[in-house]
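In order, the protein sequences belong to chains A and B. Per the working numbering, the first sequence starts with residue 2, numbered consecutively. Per the working numbering, the second sequence starts with residue 11, numbered consecutively.
None of these hints come from the bench; they were simulated from the model. Be aware that one or more of the hints could be misleading.
[Claimed, not checked] Derived DSS-like pairs: lysine-lysine, alpha-carbon spacing no greater than 30 Å straight-line:
id : chain 1 : residue 1 : chain 2 : residue 2
1  : B       : Lys109    : A       : Lys21
2  : B       : Lys109    : A       : Lys65
3  : A       : Lys67     : B       : Lys109
4  : A       : Lys42     : A       : Lys15
5  : A       : Lys67     : A       : Lys56
6  : A       : Lys67     : A       : Lys21
7  : A       : Lys42     : B       : Lys109
8  : A       : Lys21     : A       : Lys65
9  : A       : Lys67     : A       : Lys15
10 : A       : Lys21     : A       : Lys56
11 : A       : Lys67     : A       : Lys42
12 : A       : Lys42     : B       : Lys80
13 : B       : Lys109    : B       : Lys80
14 : B       : Lys80     : B       : Lys61
15 : B       : Lys109    : A       : Lys56
16 : A       : Lys42     : A       : Lys65
17 : A       : Lys15     : A       : Lys65
18 : A       : Lys15     : A       : Lys56
[Claimed, not checked] Examples of chain A residues lying across from chain B (beta carbon under 7 Å, computed):
id : residue
19 : Phe40
20 : Ile94
21 : Gly109
22 : Pro110
23 : Gly111
Just so it is clear, CB atoms sit at the ideal spot from N, CA and C, and this is done for glycine as well.
Take a look at the letters that make up each chain.
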Amino acid sequence: GAVVSQHPSRVICKSGTSVKIECRSLDFQATTMFWYRQFPKQSLMLMATSNEGSKATYEQGVEKDKFLINHASLTLSTLTVTSAHPEDSSFYICSASLGSRRETQYFGPGTRLLVL
Amino acid sequence: GQQLNQSPQSMFIQEGEDVSMNCTSSSIFNTWLWYKQEPGEGPVLLIALYKAGELTSNGRLTAQFGITRKDSFLNISASIPSDVGIYFCAGLGPFGNEKLTFGTGTRLTIIP
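Excised from the complex, chain A in its bound form (with noise of 0.2 Å):
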């Protein structure tokens, strides 16, 4: 049980244009989503928190414009990246928590962004 599942697994595309990642749990209901960014050989790094039909919360040096969330549903986020550039190339990971104890967060497989 607890699967979180990340569409797509990498995607490249071309500066300028927006990338949307899929973050969502299969198997239970999240109340919170995390999104995370990985570069190589670096450890995560939080960007932002998304509780269900509430705005997400920014960690501080992330942009909330560039990187919109939407948590619609208890099982479902998106992370858009606008107007993506070759600096926002990484592997983005979310996570997904049952409840409010933030040990309780199931990682997803992660998407690997690519920009030209």
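Since chain A is already given, all that's left is putting chain B on it; use the hints.
Showing chain B alone in chain A's frame:
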């Protein structure tokens, strides 16, 4: 943001050897978590620790919550090829609803 320092950064060991790695912080955490990440995948939780001094095992893995609450250790006994990956520690504050702070990672490579 704050990061936890993991040591060593990378390890090259032979199959069958034991592995030890640690994670240190300048801040106190009330929960320590250990994750494993394989290439192109998200992290998978291995062990969760909730109490200072706690020692918890999961198969060949054993983790300890440091008494000072500023460190944690992970040991893997009798390593096998599928242990290859990056191991991350993560800390969580007192209320459990704060964000996870991840360590810098230890990359484990097993030499046949």
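Hint check:
1. Lys109/B / Lys21/A: OK: Lys109/B and Lys21/A at ~24 Å, within 30 Å.
2. Lys109/B / Lys65/A: holds, 18 Å
3. Lys67/A / Lys109/B: Within the cut-off at roughly 21 Å; holds.
4. Lys42/A / Lys15/A: holds, 24 Å
5. Lys67/A / Lys56/A: Given that 30 Å is the threshold and the Cα spacing comes to 14 Å, the pair holds.
6. Lys67/A / Lys21/A: Measuring from Cα to Cα gives roughly 12 Å; hence the hint holds.
7. Lys42/A / Lys109/B: The hint holds at about 21 Å.
8. Lys21/A / Lys65/A: holds, 14 Å
9. Lys67/A / Lys15/A: holds, 16 Å
10. Lys21/A / Lys56/A: holds, 17 Å
11. Lys67/A / Lys42/A: Measuring from Cα to Cα gives roughly 24 Å; hence the hint holds.
12. Lys42/A / Lys80/B: Given pair Lys42/A, Lys80/B holds - Cα atoms ~24 Å apart, limit 30 Å.
13. Lys109/B / Lys80/B: Roughly 17 Å separates the two Cα atoms, so the pair holds.
14. Lys80/B / Lys61/B: holds, 12 Å
15. Lys109/B / Lys56/A: holds, 17 Å
16. Lys42/A / Lys65/A: The given pair, whose Cα atoms are some 25 Å apart, holds under the 30 Å limit.
17. Lys15/A / Lys65/A: holds, 21 Å
18. Lys15/A / Lys56/A: This hinted pair holds, its Cα atoms lying about 28 Å apart.
19. Phe40: violated, 12 Å
20. Ile94: holds, 5 Å
21. Gly109: holds, 5 Å
22. Pro110: For Pro110/A, the interface hint holds, since the closest Cβ of chain B sits about 5 Å away, which is under 7 Å.
23. Gly111: holds, 5 Å
When held up to the earlier numbered hints, the structure conflicts with hint 19 and nothing else.
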